Each structure stands twice: as structure tokens, then as C-alpha cells.
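*Asks:* Here are the chains, one letter per residue:
There are 2 protein chains.
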Amino acid sequence: MSYAAFKSEVAKVNDILCAVNLLTWDSRVMMPPGGVDARGKQIATLIGLARDIATGDGLQRAIEEARAELSGVAPGDIRLLAVEQAADAIGTLSRIPASLVGAAAELKTVSQAAWSKARAANDFAAFAPMLERTMDMQREIASAIGYDDHPYDALVATYEPGMTWNRLRGLYGELREALLPLLAEVKEANVRAEILDRAYPVDRQRAFSSLISSRFGYDFNRGRLDDTVHPFEISFTRSDVRITGRFRETWLPGGLFAVWHEAGHGMYEQGIPEEFSRSVFATDFVNLYAVGGASFGTHESQSRLWENRIGRSRRFWELNFADLRKTFPDQLSDVSAEDFWRAVNAARPGFIRVEADELTYDFHIMLRSEIEAGLMTGEIRVADLPSIWRERIKVYLGLDVPSDTLGVLQDVHWSAGMVGSFPTYTIGNIMSSQFFAAARKETAVELGLEAGDYLPLKTWLNDNVHQFGRSKSPSQLLMDATGSDLSTAAYIADLAHKVEELTE
Amino acid sequence: MSYAAFKSEVAKVNDILCAVNLLTWDSRVMMPPGGVDARGKQIATLIGLARDIATGDGLQRAIEEARAELSGVAPGDIRLLAVEQAADAIGTLSRIPASLVGAAAELKTVSQAAWSKARAANDFAAFAPMLERTMDMQREIASAIGYDDHPYDALVATYEPGMTWNRLRGLYGELREALLPLLAEVKEANVRAEILDRAYPVDRQRAFSSLISSRFGYDFNRGRLDDTVHPFEISFTRSDVRITGRFRETWLPGGLFAVWHEAGHGMYEQGIPEEFSRSVFATDFVNLYAVGGASFGTHESQSRLWENRIGRSRRFWELNFADLRKTFPDQLSDVSAEDFWRAVNAARPGFIRVEADELTYDFHIMLRSEIEAGLMTGEIRVADLPSIWRERIKVYLGLDVPSDTLGVLQDVHWSAGMVGSFPTYTIGNIMSSQFFAAARKETAVELGLEAGDYLPLKTWLNDNVHQFGRSKSPSQLLMDATGSDLSTAAYIADLAHKVEELTE
Ligand SMILES: [Zn+2]
Ligand SMILES: [Zn+2]
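Each protein sequence line maps, in turn, to chains W and V. In terms of numbering that gives the first Met the number 0, the first sequence has 190 at position 191, counting the first letter as 1, and numbering is strictly consecutive. In terms of numbering that gives the first Met the number 0, the second sequence has 70 at position 71, counting the first letter as 1, and numbering is strictly consecutive.
One chain only, chain W, in its complex shape (with noise of 0.2 angstroms):
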């Protein structure tokens, strides 16, 4: 019965963060403006209670009487792994000692508060302390976790299990050397941007992207689309997947591309098998988050895949432009298939990284990777940011950046005390050539996207990554699904295509 005891308290508490993802759902979108306080503190209550539950003697006790129970079983037995994962991801989380995540919980209250009020103001100063203290705590925080080489290791790993400050230096190095490269090259290419901000009537928006994010695999049945000002996926176990997007009627990729990245996310979970709900295989127990996901990075892979891969191909636009023409008939009356995917395709270098390109995005990443990294050892200082900033912006995409509003103060991340989250994109956006490299051997997924057939690459995903949930490591899962790990190189060519393409 100990084996049983350890599911049915590890069920417990992904259902308690289930309830936590509706909470929160329902604040960005349902909630009328005056619920914001109350819903704060159930919220609390509820990560309290998962925390004590996860942490107790009851949990622990169930896991040592399931490793005996289960000490006959052979070494991969699912059951073990489970246990054994479980157990790791609570020994990270009961390592942070209680009062460090209450004092951080009520430090990201006044922290986004005054970044918030800075960031209008366009006063780096005034946010400084408070980000001084944020900074601060983060570093108590990885000492507490703990790491062999870098302070930055013990945060990037809660995010990326196995990711390091020392990897990630690698992989951005490849990338700089790569990137900077295509993006002289691409300024070159013919476009005629101005058709993306004609008049697109919202309603019509909604419903052709809520069309390709069918045809992609997103199963409405298990989920719906809402607006919302930050466009986002959350889950309550894969029978229940909700996405939301966010729609301007003058700027047409802004709502397009945003529901298909977060549709990509939705399959992830939608994908996860029956057998995983409630269990540690779709429970984040360090961040304490009902996930299904194996990380942030491998989740970015299927958003970014299914965004950038499929979405802004050629392919894509040749098959299915048609149908947006259909939607918008006087607005796209003189545009062509071609414009349409070179429009949505234009490479540009600005300032901001939620609005930045497949070619200046990871640049963005490595600036606030480096940042972050050298916050945690202390050889950057935080009073320093602003010119930090200016200089590697500069370096990177040869911008002089007029304003911290536009530079350092754009991001809540840092003020929610969120460090180490960030390579997660780029690691995402890496993973995600790897994934769709991988299943193009298949025919079958080839002669698909050929076709507008998305049914092959889905069904590949859903074999080589959903279906894991948690139960492998990011590393384990590029490996099975792949034949490597990690690495730039088909990321790297298909940006090299397209610019190529681009070009032509």
C-alpha cells in the first residue's frame, strides 16, 4: 500500500496546483477587477498547501516505504522513477528554506509594483533598489538549491533540469557566430511590410486562427481560446488545455502567430497520456506548477515549432493563404501567397524581444543571460544595468537605445524575481529545429506538410514527446527523440534557409 500512498499524495497536490492554474486562468481572464486581492491570497493558501503536503512526513514516509516495496522491481520500472523523481524535485524545493519563498512571495508584490511605476516613468533608478533586494534574495536562493561550478546553474536548473551557465555559454557562442551572419544578409530582403496593419476586423481574426490551430491539432473539445492582454496556455491535466491570445485589428501576425505558438504549447499538454494525470509526471514539483511538459525549454520547442517552423514557412503560406483570403477579401485583394510570407517573415533589429524576429530574437536571450549571470557571481552590479544594456545592444544588434523603458526596464521577469528563466527560449527555439529535423525523416510527416496534412507531424510529436510527459529528462528526450542532444546546427540551417529564401 506504500506505493499506493505516494500516488495518492502526489495526486493531492497536483490537484491542489490544478485548482491553482484555474485561479489563475480565470484572474487574466474572467475576473471582475474587484477580485484581484482575494484571489492573491487564495492563491497563496493553495501553493502553502501544496508546499506542506509535497515537503510533510506524510509524502516522505510514503516515499521510503514505496523504495522498499519496490526494491525487487526491475531498475526501469515506471514506478521507481517516479518515486525517485519525486523525490529529487522535493529535495531541490525542501532545500529553499520556507521563510526565503515567504520573504521573496512579498517581495514580488512591491517589486513589480515599482517596477511597473518606473518603467512608465522611465526611472531605472527608482526600481534599482528594489531590484538590488530581488537580486539579492535570488543568490540566497541558489546557494540554498546549491550548484557545483556557477551560482546561475542552481536557477536555470529549476527552469531546465541539466542546463548550465557553462553550456549555455557554448551554445550562444555557436549562435552569435552564426546569426550575426544571416542577419547582414537578410536586410537586403523585398518586402512590403505595410500589408500586415490594414483594418483586420478582430472576430475574423479569432476565427482563422482558431481554424489553424484545428487543422495544426489543437482539440477544442479539451480546450478553448480567450482574450486576454498577455496571450498564454495553461492547464488543468490534459483533458482540459486552455489557450488565449491577444488580437489587433492593425497589426494581423501580432493575434495569428500568438494563438499558434500557444496552440503549440496546448498540444504538449493535450498530449500527455491519461496515465500521467495527477501523477509526478505532470506535477513541477521545485516550482510547484501542474505541468505536463519535461521543461520550459521543451515546451518552447513545441510552441516555437508549430509558430515558427510550420507557421512562417513557405509551405504553409502556398497552402493555406487562401483561406485567409477568404476571411479578409478586400484587405489582401492585391496581396499574393509570396507577399504574405515574406511580410511575416521581415527581419528587423528593435528593442523590444516580445516583438523581435527568428533572427535578432536570441540575441535578446543572451543579453539577459549574460546580465543574470554575472548579477549571480556579483561581477555585474545592478546600478551598472543601464549602460550593460546600452553596450551589448549595441554590440549585438547595433542599436544605441534611447530609453531604460525600451532597454532594461522592459521585462517583468526580473521584478517577479524570475532569473534564470530566460535561456529557455533560445533553448526552445534550438530544440524545436532539432524536433521538426527529426520527424521530417519520416515521410509520411514530409508528404503532410507537403499537403497541409498536419495529422503526421502531430502524431510524431505526440510519439516522440508528449506521450513522456516528465517521465524523461530535456536531455533524455532530444536523445531518444533525435539521436543527440542539444545543438545548434539544425536550428542554425533553418535559419540559414529561410534567409536564404528570403533572398532568393
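One or more of the hints may lead you astray.
Put simply, identical chains are the same to the list, so a pair is met inside one copy or across any two.
Dumping the calculated SDA-like pairs for lysine to any residue here, alpha-carbon to alpha-carbon at most 20 angstroms [said to hold, decoys possible]:
{"#": "1", "residue 1": "40", "residue 2": "7"}
{"#": "2", "residue 1": "6", "residue 2": "51"}
{"#": "3", "residue 1": "116", "residue 2": "411"}
{"#": "4", "residue 1": "6", "residue 2": "39"}
{"#": "5", "residue 1": "107", "residue 2": "35"}
{"#": "6", "residue 1": "440", "residue 2": "95"}
{"#": "7", "residue 1": "6", "residue 2": "492"}
{"#": "8", "residue 1": "40", "residue 2": "287"}
{"#": "9", "residue 1": "186", "residue 2": "348"}
Derived from the structure by calculation, the hints contain no laboratory data. Quick caveat, the model's predicted, so the values are computed rather than measured.
Could you slot chain V with the ligands onto chain W? The hints should help.
*Replies:* Okay, now just chain V with the ligands, sitting in the frame of chain W:
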């Protein structure tokens, strides 16, 4: 620190129960079809956690220490009241063994499925075994809770503290005696019923019912209105109180009055004082339900007051019919305010409780209460229900029940293990008239109603009902607000006056 510990444990329970309310709301309003199974488990886990905390040693110790800490304070101190009220409710909750709670929850699932099938097939015999088991279990629960006089008392009191079958019988007798002659009289009233089932576009019904809800005083900044199959109200503290409606194009009053009914419930919850948020006075520990209203009957008094005492009054339509006609100019071009008011007050005995008018509604409740009381003592047997039902409906409403689907199988309550809640509908009707009569003694209220300004009435309800949350018993609340305990006089007077107006 012990009263503080008590408060914080209670707040935790309230937070969990608010999360349960959101899980419930979402499952009825937003959840995609796939989500059902997982949602049921999430709700069960959270209710289990709330029960564990409520009946756990930690809260018990905090209660005892709080008693010690408060031993010197004045007897009426609100903190003492909070502690003793919690202790009392938790006492009731603790007397129901966890095994019985679990068995009841399991039975509910299969019983509801059986009821649903039996109703569709008009096959009471197929449902009877489940109903027998449900009633056995309710008898067990009644014994576990304990009672002085009648087993039904134990169950009724979980919904309406202090109420007994003996008192109910007295009230029912008074109502029967007064209403039967009124019902005979009103049949002669002159009504153009067909004006209500013209084609009324649903979006305009929603807009008009929202407009009037706002006029009544329901605050949409702390609430929202959505569509569901069965309208309801639910709250996540006073700052987020949601209502739902159901609109059918060819049945105008269905949508309007349901929304005003739910808005009445909603205003009660929005009127709970901020300092009661997350406290004993906003938590039903017996039913493990986050709610600020004093009892089910008290809650129903607020919904019925706005729905019937206001929404079905002649003066209301004299004042507001012009806006309705502006909303539906074509449909209502040949209809007067008087026609409309008469139509929405048409009284006619029918088989279905939820479609019953004001004059016949309580007979449906009496019938159910008598059956429930008889089942609890064993004087009535499940097998005899169809015939007993037929017999009593004939006596009360003069109708011959053509099928059990229109008779004993019509309500979901018994299959869900709810025994003792039906009386609260009639208690609510009675109370609504008592509160209304007391409020109208204030000149400002009366002048407001005359002028279509509902703020004075709402303010009176805020001051005399809502602001006390669950800190007064229903009886105390009535005594303080109206000068008398539960009494049928005002309700009978309201109905008699309505009949008089209708037969003018
Ligand atoms: Zn993403
Ligand atoms: Zn009601």
C-alpha cells in the same frame, strides 16, 4: 496569538472553499466538455483538505487557546462569537464520520446517473433502489448529527439553523389555509399570456436584465453575468460575486426573472462587510461552502424579494416597461405596462416546481417536505412515492400527474443526497415579505420604490441583513430587522394584495 491562529486557520479553509466555488463555477460556465472527470477529483481533493483542516487538531487547539485568551472580554464580543460559532458548526461537521461522507459522495455519482436515466425513461422503479440507499444514508447522517424530536430536524438545520419539522408544519398549515382560496380566486384574472412567447432576441434580453440588475444595485465591477443551463449565483468573497442566467428567445420572463433572482442573491454576497472576508462569518462549516449569507432561507429571501416583491410588482412595470419596450419595440408595440405586469403574474397550477408561479410554488415545497419527513421516520416508503405524489398534487393543485417524469422524478435534489433543503425555498418566500414590509416602513424606501430609485431599499437590506453576514442566526436577523421571528402574515398579505390587484 491564539485568536490570531484561529483566524488564520479559518481563513485557510475559506480560501480553499472559494477555490472550490471557482472550480464549480468554471465547470458550469467555461469548462470544455473533456474536463469533467479531472474536475470532479480536484473538487473532491480540495473539499477533503478543507474538512481535514476544519476538523483537525490544529484548529481545535486554536479554538481552545482562543477561548482562554478571550476569557476576559465582554460576552457580546465579536471574537467570542466567531470562536463559538465555528466550534458549534465544526461540532456538527465532525459528528458526521468521514466514512459516511465518502460513501455519500460515491453514492451521489451513481445515483445521479441513475436518476438521469430513469427520468428520461419515465421509469421510477429503475431509480428506486438508489433512492432507498440514499435515504438510508441520509437517515444515518441525521442520527450522526443528532436531534431532539424528529430525524428530519437534523437535516433541515444543516440548511436552516434552528428550523424544525414541527415549526415547518405550522407554517405550511397557515399557508395552505390562506393560499387555496386565493388560488381559486385568481383563476379569473384577465391575462394576455401569449405576449411573453414572441421572439425576443437573447442578447437584448441579457442587456435589459443587466440594466435592471444594475438599477437594483448589483455591482458588475465585483461580478459578472454568464449563460448557463441552470442559473445560479456563487461568490469568491464579496469582491467577486458572479451570477448566471438562461435566456430563451421565445420565453421572455424566464431570462429576466432568473437574472433578477440571482442578482438578489448576488447583492447579499456583495454586501458582506470587508472585515468578514475569509472569516467564520463568510464560511459555512457544516456544508463546507464559502458563503456570506446567514442561511439558505435567508439567501432565498433576498433573491425572491428582488424577483417577486419588486420585479413582479405593478409599480415596477409602470416605471420600467418603457425601457423594455425601447428594447423590443416591434414585439411590444401592442402591449401596455399593465398587460405585461398581468402576464408575468399569471397563476396556474402546473406539474413542475421550477416553472410554478408565486401562488402555487409553496405547494410543491410542502409536498416534498412531507415526503422527506416521512421517509426519514420510515412512515413513507420509497416504493410508494409515485402514488403519494399523485395523491397530494391532486389535493393541493387539483392536477392528475400523467407521468413520474412530471412528478416524483422531476428534481435532482434527492439523487444528490440533498434532504432538508426544499423547505428553505418557502422560508425564503416568507422572509422576503417580512423584510420587504419592514423596509417599506422607512419613508425613503417607499418613496424610492414609487420613483424607481432602488438604492434606499438596497441600502436598507445592506444595513439590516447583508452587513451581518453569518454573524446572526436567521431568527435573530429577522427579529432585529423586522421585530418578529418567522411569520407568514406579511407573505400572505403580499399574495392577497397581488390577487386583489390581478382580479380588479
Ligand atoms: Zn511560449
Ligand atoms: Zn435562489
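*Asks:* Please go over all the hints and tell whether each is borne out by the structure.
*Replies:* How the hints compare with the structure:
no.: 1; hint: 40 - 7; in the structure: between (26 angstroms within a copy, 11 angstroms between copies)
no.: 2; hint: 6 - 51; in the structure: both (16 angstroms within a copy, 19 angstroms between copies)
no.: 3; hint: 116 - 411; in the structure: within (12 angstroms within a copy, 53 angstroms between copies)
no.: 4; hint: 6 - 39; in the structure: between (29 angstroms within a copy, 18 angstroms between copies)
no.: 5; hint: 107 - 35; in the structure: within (15 angstroms within a copy, 35 angstroms between copies)
no.: 6; hint: 440 - 95; in the structure: neither (44 angstroms within a copy, 62 angstroms between copies)
no.: 7; hint: 6 - 492; in the structure: neither (44 angstroms within a copy, 61 angstroms between copies)
no.: 8; hint: 40 - 287; in the structure: both (16 angstroms within a copy, 19 angstroms between copies)
no.: 9; hint: 186 - 348; in the structure: within (10 angstroms within a copy, 79 angstroms between copies)
The structure is inconsistent with the numbered hints 6 and 7, although it conforms to all the rest.
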